[in-house]
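J.: Protein sequences, first through last, are from chains Z and Y. All residue numbers for the first sequence refer to the numbering used here, where the first residue is 1 and numbers rise by one. All residue numbers for the second sequence refer to the numbering used here, where the first residue is 75 and numbers rise by one.
Any given hint could turn out to be false.
Simulated coverage check for chain Z against chain Y, where a stretch passes if three residues somewhere in it have a Cβ under 8 Å from a Cβ of chain Y [to be verified]:
hint: 1; segment: 23-35
hint: 2; segment: 61-70
No more than 27 Å apart at the CA atoms, straight line, and that leaves these computed lysine-lysine pairs for DSS-like [to be verified]:
hint: 3; chain 1: Y; residue 1: Lys258; chain 2: Z; residue 2: Lys23
hint: 4; chain 1: Y; residue 1: Lys258; chain 2: Y; residue 2: Lys153
hint: 5; chain 1: Z; residue 1: Lys23; chain 2: Y; residue 2: Lys108
hint: 6; chain 1: Z; residue 1: Lys70; chain 2: Y; residue 2: Lys108
hint: 7; chain 1: Z; residue 1: Lys23; chain 2: Y; residue 2: Lys240
hint: 8; chain 1: Z; residue 1: Lys31; chain 2: Z; residue 2: Lys70
hint: 9; chain 1: Z; residue 1: Lys49; chain 2: Z; residue 2: Lys6
hint: 10; chain 1: Z; residue 1: Lys23; chain 2: Y; residue 2: Lys153
hint: 11; chain 1: Z; residue 1: Lys49; chain 2: Z; residue 2: Lys70
Some but not every residue of chain Y turned toward chain Z, in silico, with C-beta under 8 Å [what the hints assert, rightly or not]:
hint: 12; residue: Val100
hint: 13; residue: His102
hint: 14; residue: Pro105
hint: 15; residue: Pro107
hint: 16; residue: Thr149
hint: 17; residue: Gln215
hint: 18; residue: Arg253
The set of hints was computed from the structure by calculation and includes no laboratory data. No residue lacks a Cβ here, since even glycine has one placed at the ideal position from N, Cα and C.
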Amino acid sequence: MADDPKTPQEIWALIERADERVKYASNRDEKAAYGQARELLNQAAAAAKAVPGAEKLAEQAQIRLDDLAKLESA
Amino acid sequence: MKIGRQKDDLGGRVPPNQRLTRGWPVLHASPVPKFNPAIWSFRVWGEVENEIELTWDEFQALPPVQTQSDFHCVTGWSKLDNTWDGVSFRTVADRAAPKPTATHVLIHAEYGYTANLPIGAVLDDDVLFAWSHDGEPLEPQHGGPLRLVVPKLYAWKSAKWVRGVKFMDRDERGYWEVRGYHNKADPFREERYSWQE
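Okay, chain Z solo, but in the shape it has when bound:
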């Protein structure tokens, strides 16, 4: 795993990478893509709680983790 993100920009970059994993999942192994997205989002959520000024990004990560749970149960 890469170093933990240390700025809001780096955290958002992780979230955006997770979004792309989900958006393009139908082109590859969906289960694997969703797993990669979850890993990125968990990393983003943990970092957001530790980085001052990044609280909203923790919420963004959680929204997507909830989306993923719905996708996987659909």
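On the provided structure of chain Z, position chain Y as indicated by the hints.
T.: The following block gives chain Y in isolation, referenced to the frame of chain Z:
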């Protein structure tokens, strides 16, 4: 009726930090829904004089339009010179007759996906509900049977699998706009993220 741009060079047609693609990447944030024309419906409601609900046959009987336009995805690719067939947004709006209080629309699609737009953006001549792309029926993975096409904005505003439009007297952020993406989404201004607003 045919609306669209004339062929020209690429000068000014590709927004910053976009790369051209000849293919058409498939991306979406939900499963591809199954289409059943017997139960499909399209609803227009909210700040309108005439709420309407159309079957698939009724929707296809609306006056058709053909447009040619470019398509820009926030993930970084652009696809030029797309030919779309469908029904212009304006045709649908004319039937519903928006009230003077209507300032925005919220597009509703399968699985609860939404996209918000100001009225001014959707009444452009190049905005349509499309059922065909480059002369072929719109494939399900690209939004078939029906998707919105808003060429001047990043493609998440061009909702796939649309099922209705709510006219509103205020703005309300849609699916990706709630998730940190830009409310306006102009690709030539690179309006990608909400923190730019």
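J.: Each hint needs a verdict: does it hold in this structure or not?
T.: Evaluated hints:
no.	hint	in the structure
1	23-35	holds (count 4)
2	61-70	holds (count 3)
3	Y:Lys258 <-> Z:Lys23	20 Å, holds
4	Y:Lys258 <-> Y:Lys153	20 Å, holds
5	Z:Lys23 <-> Y:Lys108	19 Å, holds
6	Z:Lys70 <-> Y:Lys108	18 Å, holds
7	Z:Lys23 <-> Y:Lys240	25 Å, holds
8	Z:Lys31 <-> Z:Lys70	13 Å, holds
9	Z:Lys49 <-> Z:Lys6	11 Å, holds
10	Z:Lys23 <-> Y:Lys153	17 Å, holds
11	Z:Lys49 <-> Z:Lys70	24 Å, holds
12	Val100	6 Å, holds
13	His102	7 Å, holds
14	Pro105	6 Å, holds
15	Pro107	10 Å, violated
16	Thr149	6 Å, holds
17	Gln215	7 Å, holds
18	Arg253	6 Å, holds
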